[in-house]
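Same order as they appear, the protein sequences are chains Z and X.
Counting along the first sequence from 1, when you hit position 152 you're at 151 in numbering that gives the first Met the number 0, and nothing is skipped either side.
Counting along the second sequence from 1, when you hit position 71 you're at 70 in numbering that gives the first Met the number 0, and nothing is skipped either side.
Simulated from the structure, these hints should not be mistaken for laboratory data.
All of these numbers come straight from a predicted model, not from anything done at the bench.
Take the hints with a grain of salt, since some may be wrong.
A short, non-exhaustive set of chain X residues, derived as facing chain Z with CB atoms under 7 Å [stated by the list, open to error]:
1) Phe99
2) Glu135
3) Gly162
4) Pro164
5) Ser167
6) Ala176
7) Gly255
8) Arg260
9) Val330
10) Met332
A virtual CB, placed ideally from N, CA and C, is assigned to each residue, including glycine.
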Amino acid sequence: MSGLSGLSIEGRQSVLRRYSDCPREHLLDILLDLQRAGSGGHIDEETAIWVAEELDIAVAKVYEALSFYTMLHTREQARFVFEVCGSTPCFVNKSQEVGEILSRQLGVGEEQMTSDGLFAYRFVPCFGACAEGPAIRLGDELYGNLTEKRIRELIMACRDRLGEADKP
Amino acid sequence: MTNDGFNNDGINKKVLLKRIGQYQDPGSVQDYVRLGGFEGLRRAMSMERPQILEEIDRAMLRGRGGAAYPAGRKWRHLYDMEAEPKYIVCNGDEGEPGTFKDRLLLEQDPFCVLEGMLIAAYVFGAKDAYILIRGEYRRAKDLFRRAVANAEAAGYAGDDILGLPGFSCRIHVVSGAGSYVCGENSALLNTIEGKTGRPRVKPPHLAEFGLHLKPTLVNNVESFACVPVILSLGGQGFLELGTEDGGGTKLVCLSGHAKNRGVFEIPLGTPMEEVLYGDHFGGGTVSGRPIQFCHFGGQSGPLGFPEQLDGLFSYQDMWDRDLALGTGAVVVMDDRVDVVEYVREVAVFFVHESCGKCTPCRLGATRMLACLDGILAERAAGGETSGMVTELEGIMRHVTELSACGLGQTMGAAVGSALKYRRELFGFAGEPAL
Chain Z
0 MSGLSGLSIE GRQSVLRRYS DCPREHLLDI LLDLQRAGSG GHIDEETAIW VAEELDIAVA
60 KVYEALSFYT MLHTREQARF VFEVCGSTPC FVNKSQEVGE ILSRQLGVGE EQMTSDGLFA
120 YRFVPCFGAC AEGPAIRLGD ELYGNLTEKR IRELIMACRD RLGEADKP
Chain X
0 MTNDGFNNDG INKKVLLKRI GQYQDPGSVQ DYVRLGGFEG LRRAMSMERP QILEEIDRAM
60 LRGRGGAAYP AGRKWRHLYD MEAEPKYIVC NGDEGEPGTF KDRLLLEQDP FCVLEGMLIA
120 AYVFGAKDAY ILIRGEYRRA KDLFRRAVAN AEAAGYAGDD ILGLPGFSCR IHVVSGAGSY
180 VCGENSALLN TIEGKTGRPR VKPPHLAEFG LHLKPTLVNN VESFACVPVI LSLGGQGFLE
240 LGTEDGGGTK LVCLSGHAKN RGVFEIPLGT PMEEVLYGDH FGGGTVSGRP IQFCHFGGQS
300 GPLGFPEQLD GLFSYQDMWD RDLALGTGAV VVMDDRVDVV EYVREVAVFF VHESCGKCTP
360 CRLGATRMLA CLDGILAERA AGGETSGMVT ELEGIMRHVT ELSACGLGQT MGAAVGSALK
420 YRRELFGFAG EPAL
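With the rest of the complex left out, here is chain X (with noise of 0.2 Å):
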């Protein structure tokens, strides 16, 4: 048994972990109940629906799950479709390597995911919602599923929930299998079809035609976690505990180097030096040594030298620095790390995960892997990088503009970054191409 990483220190304002480690059971509707659950429920059923989605736009909640879309956007889209039925979907087939928040709400706080499906069901009508969990999540599944069972047996799902008559909602729990591509939100759907995970080409939007080509409303884990605590505290309230640009707090996945290792909630807008430099979050590296660099996001993000690390953790201000938030994910480096290397290892990743259903990326991430290991042969050997570095950067225009899903699109992510800010490591490698 390991713990789950979860560090519970120096949170001034926890609003989506505030639960963790006081339930008696996890499982338990009575606990949850007893511990403020479902106010953002009760709140909702006592406002009229479009109230709901202008409280979720004014929160500025942005998809956790790494694409960072305007959840208000994403609900209107919705709304606004005639066609039923509607279904809801929640996101639980977190894979990005260096994310582990979903683990830790799905099991130690599932009814708060749970709220947040429902209170969606209730917005757009939905009889029936989803949540796929991956499946080496299978204490969190097995959790998941006992604690929609007791929530229908106390009436906070099922049949005319909290007595409300034709506001009814069945939750099915649906496994994955071992795939980083299903978290791409069309393949994800798929699956739940009975489908293979592989992404669908978009458009159409999954509002217009989702599951079984029906509007359907898909949301990440911490997304609907986020989405009761809006309804608790008001839009605005939400949005000020965080910045104009992205509201509420952020669940962050300090790993690597990182000498306070686990799942940290930080207001969004937090200097950047103090989440990954705060005694109360990563605590500098645990050798002491410097940081050289972070891997933001997941695989599919992008790399952080130390001359960009010095705004906030927000949205904006990552982007604005090359940079992106992503999943939450905070990989940290000390200066031992080769980047080169590093780089060549998320390159294997996405040859493992390329699911092969379009070219570029299953042919473009075999080459980009091909490639990196010919940079760092020649390098070792004092050798001339450079035609190997413009093959490689060749290679990655073709698979980020012509790979059909985001996976395609950002497996040069991590790369590109090296490249641009650390170019000197790849050996000799000469100007960079434009």
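Next up, chain Z with everything else stripped away, as it sits in the complex (with noise of 0.2 Å):
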């Protein structure tokens, strides 16, 4: 889908009321919203442009943004994106040998996308799941004490749940 991240007017405009008190304090609130609720799982040029429109700022800052917080992207990402802490919490436990799992599981090396643009996966910094190392982050959930068997059970639920969503 092309521009706007795939949403349209009005879910933009719902997104930006929910701080229209005072929107330039939530400009990472209103990018991660729109984000989530786009297509495409990032903030496409339009997007940006739009949302600096929205809050009169200079797109520059709204980039600026993009570029800084680890959380926002630029381009456009998989359907499911399995986020490996990649922190010594869960270094120590063996989070190393969860990525080459995924990269077995998935035929893609970290950062790529498969074929199909279902999956992809990367290292990011701790999220919290220390006491259950290694953890993945997927969307807002998070699962811990991972092993090949459970990982591949995730990859098995995510095309379920795909399954699902496609059925009338």
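With the hints in hand, could you dock these two chains into one complex?
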């Protein structure tokens, strides 16, 4: 889908309305919510320009945020992105192996998308699931104490979810 | 879904986590009141403001975000400022790896944090209070927003709080979006102002020029959660839970190879051995192998080796042993972890998280990592590493002394402690440079 991250005007406006009291203070909230509601898991150029206009700030300021914060993306993302904690509490619990398993199961390297656009994985800094490392973040959900079997099940669960969503 | 890592066992003096697990709905203000909530706020509202400051002072509450600065001193500094308005800011950008205690409070007892913020708003007459919650904690953010709305509807926030005319405070919940350095207090304020979250040059102190350049109090989530406890127990009662140099209990996050991983509430002054090996706390290692070292207080904290671990879990005792309590993170490592590989991973983290604004940090982080890679390669080949270790120490000195903010200044802490206590592991590294 091209332009405006696949969001209707109404969809975008409803995000802005959540922060209407002081929208500039909520630039990150707005960008995160738009990215979440959109189709590609990213903020495209048109959306970035639209946000700049609505908040009456320079476009470069929006891009400064987009490039500075690791949760914001300017390129289209896979439908399911496995974010593997790479910080030391998970590292000593073999998070590198989680990356290797994902690479093997998905047939792609880190930050690459599968050819069907469904999956990708990347290492990210700690997200506070240290009590269950090695851990993965998938959207807003955390999954810990990962094993190869559990990772395989997770991937299958994603495919199932997709199947459910496509049903009439 | 995963559990929250909260461990409820073996805690004899729970004051911070006493309500966790007791809620039917942690966003329900009625539940909070039923569980004894807002007693601290009511107590505060019956007191003169200087009296409240005295209680905070007496409690010897040290900042729980990692810096350990006495909250009483910070509060007094702000109290003495004449400029208006004053702002209250809660730092919920918990990003120190190995730290997940604020997440527990925010997800399971948000009102205790809110109550601490409201007590501060009462003391300073602040009309606006902010909490910035890291973007990764979406559940916490959504819950906190709901908690604020419920508190306003029930008269515990918003206008004329608890019927007291003029005591009005709006609570704003702002999101981060993935940046470690935003946890630095001035970077946090920049983020709330809609700027990119890079630290400011200090001084001036934030109590003088903080949010929108107005006097501002910035405290950590756990610090605010301690405030109602102080009001309920009295400063002296809170102090007596801990030690003279730091009162209260501390939320400790055990992770890595600890047998029992999770958040534990531990009275300051508990023997370190009990924290690490006690059945009710860490329980030793999951493998049953010896603890080789621990990493304290987050990535910016030092490593601790067994010969340093015979003291108390308290601020001063840990400083005396070259350790630091920091955020309360304790990552435990058994004897199968390569210390040099470990500190290399710490360096990777700082390369990723350096904001790039000041050169010593931006370049220093990259060069520290390159040095550690060189040392690892040379050590594997059985070669001589002393030249590279000397270079590493030189870079660390520059980064530590010249970086503009705490991120760069503490980046070398883990490597430095590894070099000081386990130099031989870096290969044939020669004598320490003086």
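Hint check:
no.: 1; hint: Phe99; result: holds, 4 Å
no.: 2; hint: Glu135; result: holds, 4 Å
no.: 3; hint: Gly162; result: violated, 25 Å
no.: 4; hint: Pro164; result: violated, 23 Å
no.: 5; hint: Ser167; result: violated, 15 Å
no.: 6; hint: Ala176; result: holds, 4 Å
no.: 7; hint: Gly255; result: holds, 5 Å
no.: 8; hint: Arg260; result: holds, 4 Å
no.: 9; hint: Val330; result: holds, 5 Å
no.: 10; hint: Met332; result: holds, 6 Å
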